[in-house]
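Take the sequences, apply the hints, and build the full model.
The primary structure of each chain is shown beneath.
There are 2 protein chains.
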Amino acid sequence: MSKAKTAINPTREENFNEWYQQVVKKADLAENSSVRGCMIVKPHGFSLWENIQKDMDSRFKALGVKNAYFPLLIPLSSLEKEAKHVDGFAKECAVVTHRRLVQDGDNLVPEGKLEEPYVIRPTSEMIIGESFSNWINSYRDLPMKINQWANVMRWEMRPRVFLRTSEFLWQEGHTAHATEKEAIEMSKEILELYRSFVEETMAIALIVGEKTESEKFPGADITFTIEALMQDGKALQAGTSHYLGQNFSKAQNIKFLDSDSSEKFAYTTSWGASTRLIGGLIMTHGDDNGLVIPPKLASSQVMICPIFKKTEEKEAIENFISELRKDMSHSMFFGQKVNIEVDWRDMRGGEKYWDNIRKGFPVIIEVGKRDLEKGQVAFTRRDNGVGNKEFIKTADFIKRIGDELESIQDNLYKKSQQRIEDSLVDINTKEEFENFLKAKHSPLMLGKALLNDCDEVRNILSDHKMSFRCMPLSEKEGEYSCLISGKPVVKKVVFGQSY
Amino acid sequence: MSKAKTAINPTREENFNEWYQQVVKKADLAENSSVRGCMIVKPHGFSLWENIQKDMDSRFKALGVKNAYFPLLIPLSSLEKEAKHVDGFAKECAVVTHRRLVQDGDNLVPEGKLEEPYVIRPTSEMIIGESFSNWINSYRDLPMKINQWANVMRWEMRPRVFLRTSEFLWQEGHTAHATEKEAIEMSKEILELYRSFVEETMAIALIVGEKTESEKFPGADITFTIEALMQDGKALQAGTSHYLGQNFSKAQNIKFLDSDSSEKFAYTTSWGASTRLIGGLIMTHGDDNGLVIPPKLASSQVMICPIFKKTEEKEAIENFISELRKDMSHSMFFGQKVNIEVDWRDMRGGEKYWDNIRKGFPVIIEVGKRDLEKGQVAFTRRDNGVGNKEFIKTADFIKRIGDELESIQDNLYKKSQQRIEDSLVDINTKEEFENFLKAKHSPLMLGKALLNDCDEVRNILSDHKMSFRCMPLSEKEGEYSCLISGKPVVKKVVFGQSY
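Line by line, the protein sequences are chains C and P. Per the working numbering, the first sequence starts with residue 404, numbered consecutively. Per the working numbering, the second sequence starts with residue 404, numbered consecutively.
Just so you know, these hints were derived from the structure itself, not from any lab. Among the clues, some could well be false.
The list treats identical chains as interchangeable, and a pair is accepted whether it falls inside one copy or across any two copies.
Stated by the list, open to error - Below, computed lysine-lysine pairings styled on DSBU-like, alpha-carbon distance capped at 35 Å:
| id | residue 1 | residue 2 |
| --- | --- | --- |
| 1 | Lys464 | Lys713 |
| 2 | Lys457 | Lys772 |
| 3 | Lys717 | Lys591 |
| 4 | Lys516 | Lys868 |
| 5 | Lys516 | Lys817 |
| 6 | Lys464 | Lys772 |
| 7 | Lys516 | Lys792 |
| 8 | Lys516 | Lys494 |
| 9 | Lys818 | Lys464 |
| 10 | Lys494 | Lys591 |
| 11 | Lys484 | Lys429 |
| 12 | Lys457 | Lys729 |
| 13 | Lys653 | Lys457 |
| 14 | Lys484 | Lys713 |
| 15 | Lys729 | Lys802 |
| 16 | Lys429 | Lys457 |
| 17 | Lys713 | Lys667 |
| 18 | Lys833 | Lys894 |
| 19 | Lys796 | Lys879 |
| 20 | Lys841 | Lys584 |
| 21 | Lys772 | Lys408 |
| 22 | Lys584 | Lys772 |
| 23 | Lys740 | Lys457 |
| 24 | Lys717 | Lys894 |
| 25 | Lys516 | Lys484 |
| 26 | Lys667 | Lys868 |
| 27 | Lys879 | Lys429 |
| 28 | Lys777 | Lys890 |
| 29 | Lys712 | Lys841 |
The structure is reproduced here in structure tokens:
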């Protein structure tokens, strides 16, 4: 029996990692650049990031967060302050040592050594902390809620487009508060913001929880996380929100005069999400025909592929589309306008259709001369209808489109949620734990068990390339003990392989 | 007679440069950072940039331009290619030579020398050109229209917030076309886009024109420019659009197979505008009380300052504001929604009022207990009513607000346009030219005359710290000769001092 033809080779089953690279390429999302580990995000890939930004940004603003911009470069002396306090500080960064280039024959060579080298920001934690220290004087200045959309840089030895790149785009939020309670509340609000955005807009189901001690952000009292599950069974950390207590405010001298006239250190939070979300999108919804974009995240929900040879055919289709745009001007899904895009590129019909399938537009309709005569369109739902075009009357298409888009969004989310339900193994005894580790799962599975984050357990997991993902918020707390070490545990923890 | 109190000291007349710095500071727009020449853009300043981005971006997209993202770092070898072709290439850039930091006692020191150093992009011309060369094969791939919003870096010896900073934010557009005609058309469309955005949204009147030979972008066949006039009489280049002919496509090997099966070099354009626009905004509309934001550029057109002491007073004002929001939900100006913001900060009424005046909100209304009883608000128009609060019935305020905002926008534009009319001296003889140079204008003036862009004229202008700004599109072309050198001139050129 011959294999069904797929637009992406290899398939997910044949080689998931290579399938991922091929989707990135065939959906025209991004490519590697001549700078090791740095990617070029192409227009289709960047439109996903723009839509992520737009949606998340409006949610940040609704929480009273304001955007600002801080310098790309950090003086070494600022980093030294930080390095003293934080062991896990990322030191693999790009160091700027010279201030100009001079011509030397055909070559350019660095000249003008800087008195103090700079580092390209691996994060803006330090520089924003310094500003907070300057800006905050009184309780009247609190809460201070700042976010930055920016590029950051950390050399990556094993780069992988969107998932691990030396330069990446992200948002980093930093807030300072007068009380512990308010700061913890803030870090939870952001966790909920990340959850609702990723689940509702990106249609990616999540395990929402708290990191165990060893997996926490260095310097954080609590690290909250959203963990998604990829189709190969690996987990992907998709966003983190840290409650930092007074650790950073003490290191960075963020003090305020409280209403009782006493001087106090502020309570701070920080939180971030990055272009990695696009990697998560690909590996959650992508199939053997390429990318699949949930309607709420797509710039265009409907891609129209006109099929024509002669000029008069083209004109007839242009008229049809301008009518369709008018008729659809009130079409909505989830209270949102339906955007239509037309692919006028000069290429063969089949080629054009499959290119838009690979790019993942939620609904694709083809219109040719014969369709116009019959008053119909050839309709494809990207989530489950590829290759099975349905010919439907244009009037019916207009009636149905809102429902179809809502159904696609729901369907993608449910599939992703079902995957978590099917992949998460509840483990209750030492024997079950050992059997779980021994089993050759394909796709991989996640385990959930009472385990203490101690060397003994971490080493066992590490031998299986696994790590603690999080303690889900939904798990019941109690006075339990670890299945392996017998040490105290407050709740079950999810573990598995991860990106 | 004692001087009237102003919120900004010194006034524009006393010391324009220092006035500028004080507005930046007192309007809470930005501040210098610990990295020489790099600024921190604070939330109020960044909101201006966000609004500039949002408006310009939608105009780019309407022209079929797509956003993408290219690496921050450029390998030296790519720059060398460019340096061979372009003399004016900016070599004052930040050079990355090492890949990590290691701890040495309390200090961090650079380690791991890179085989090939990188430069932080001073522009992405080269790296986008390389991509175009890879992406473009056939005439079917054209036109290609790419834009990038990014940070760039060029060491600045005399930094000045927003006007000249080592790191700045900008957009750079790059397009490739199959024909010269189409590429020139594109560069003109962008010029018109810049003009309409800056004049209509930012309310800044412009002189729109073409750069003379020596002022062109290195490598460009034509450089179009929009030039604004600041209140001190200096010109500010606010955006440029370059038609690059085949110069860059030849240097970067951007070729395509045309429909006639012959291989051709593409015709390219590039164009950019930056955070410098915010500097232009300050120096065009700002007054001795601080920043003035045109309504179309403001995030909030109406800033409400509640005045209250007791809790029950606050509650009454909260109720009033929530009613007002409802009543104003359909208020519009120029077809745009009126956004209201409330300044609930815990500070004295006068202090709060003046802080919002300095920040430049178009309309400020104050509401206290007595106003509520009388059903009135204290109304201030930022453009001409500071200090002269008008008490008006709330119902009248709601009726009037749309017209008031439109009138503010128009008024700011007209003032700026009048300034150009009053400052631009039409010069028709050598004697007039000499008198113009001798005169001590305060504010400075711009001249417009038949002058050839030759060493002789440039040296004279340079002695007076002046330079050619542009040949206005509105000037009549002909076969003229230079007032000074007698060399041929096609049209009058505007010259003066500039930022």
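Here is what the structure says about each hint:
1. Proximity of Lys464 to Lys713 under the C-alpha cut-off of 35 Å is restricted to the inter-copy arrangement: shortest distance 29 Å between copies versus 50 Å within a copy.
2. Within a single copy, Lys457 and Lys772 get their C-alpha atoms no closer than 38 Å, and across copies no closer than 39 Å, so neither meets the 35 Å cut-off.
3. For the homomeric pair Lys717 and Lys591, the shortest alpha-carbon distance between copies (29 Å) is at most 35 Å, but the shortest distance inside one copy (54 Å) is not.
4. When the C-alpha separation of Lys516 and Lys868 is checked against a cutoff of 35 Å, the pair qualifies only between copies, where the shortest distance is 32 Å, while the shortest distance within a copy is 44 Å.
5. For the identical chains of this complex, Lys516 and Lys817 are neighbours neither inside a copy (57 Å) nor across copies (50 Å), given an alpha-carbon limit of 35 Å.
6. Only between protomers do Lys464 and Lys772 lie at most 35 Å apart by alpha-carbon distance; the minimum there is 30 Å, versus 48 Å within a single protomer.
7. Taking the shortest Cα distances, Lys516 and Lys792 never come within 35 Å of each other, neither inside one copy (64 Å) nor across copies (57 Å).
8. With identical chains, the CA atoms of Lys516 and Lys494 are at most 35 Å apart both within one copy (21 Å) and between copies (14 Å).
9. For a Cα distance limit of 35 Å, the shortest separation of Lys818 from Lys464 qualifies both inside one copy, at 31 Å, and across copies, at 34 Å.
10. In this assembly of identical chains, Lys494 and Lys591 lie within 35 Å of each other by CA distance solely inside one copy; the values are 29 Å within and 47 Å between copies.
11. In the homo-oligomer, the alpha carbons of Lys484 and Lys429 lie at most 35 Å apart only across protomers (30 Å), although the nearest pairing inside one protomer, at 46 Å, exceeds that limit.
12. Taking the shortest alpha-carbon separations for Lys457 and Lys729, both the intra-copy value of 26 Å and the inter-copy value of 26 Å come in at or below 35 Å.
13. Taking CA atoms no more than 35 Å apart as the test, Lys653 paired with Lys457 passes inside one copy only; the shortest distance there is 34 Å, against 38 Å between copies.
14. For the homomeric pair Lys484 and Lys713, neither the shortest alpha-carbon distance inside one copy (70 Å) nor that between copies (45 Å) is at most 35 Å.
15. In the homo-oligomer, the alpha carbons of Lys729 and Lys802 lie at most 35 Å apart both inside one protomer (14 Å) and across protomers (33 Å), since each shortest distance falls under that limit.
16. In this homomeric assembly, Lys429 and Lys457 come within 35 Å of each other (Cα to Cα) both inside a single copy, at 25 Å, and across copies, at 30 Å.
17. In this assembly of identical chains, the alpha carbons of Lys713 and Lys667 lie at most 35 Å apart only when taken from different copies (27 Å versus 76 Å within one copy).
18. For a Cα distance limit of 35 Å, the shortest separation of Lys833 from Lys894 inside one copy, 16 Å, qualifies, whereas the shortest one across copies, 89 Å, does not.
19. Within a single copy, Lys796 and Lys879 get their C-alpha atoms no closer than 53 Å, and across copies no closer than 58 Å, so neither meets the 35 Å cut-off.
20. In this assembly of identical chains, Lys841 and Lys584 lie within 35 Å of each other by CA distance neither inside one copy nor across copies; the values are 44 Å within and 68 Å between.
21. With identical chains, the CA atoms of Lys772 and Lys408 are at most 35 Å apart within one copy only, with a shortest distance of 28 Å there and 74 Å across copies.
22. In this assembly of identical chains, Lys584 and Lys772 lie within 35 Å of each other by CA distance solely across copies; the values are 33 Å between and 65 Å within a copy.
23. Taking CA atoms no more than 35 Å apart as the test, Lys740 paired with Lys457 passes in both settings, with 15 Å inside one copy and 19 Å between copies.
24. Taking the shortest alpha-carbon separations for Lys717 and Lys894, neither the intra-copy value of 64 Å nor the inter-copy value of 45 Å comes in at or below 35 Å.
25. In this assembly of identical chains, Lys516 and Lys484 lie within 35 Å of each other by CA distance both inside one copy and across copies; the values are 23 Å within and 24 Å between.
26. For the identical chains of this complex, Lys667 and Lys868 are neighbours neither inside a copy (44 Å) nor across copies (53 Å), given an alpha-carbon limit of 35 Å.
27. For the homomeric pair Lys879 and Lys429, neither the shortest alpha-carbon distance inside one copy (44 Å) nor that between copies (52 Å) is at most 35 Å.
28. Taking CA atoms no more than 35 Å apart as the test, Lys777 paired with Lys890 passes in neither setting, with 72 Å inside one copy and 69 Å between copies.
29. Within a single copy, Lys712 and Lys841 get their C-alpha atoms no closer than 60 Å, and across copies no closer than 69 Å, so neither meets the 35 Å cut-off.
In summary, the structure is inconsistent with hints 2, 5, 7, 14, 19, 20, 24, 26, 27, 28, 29 from the numbered list given earlier, while agreeing with the others.
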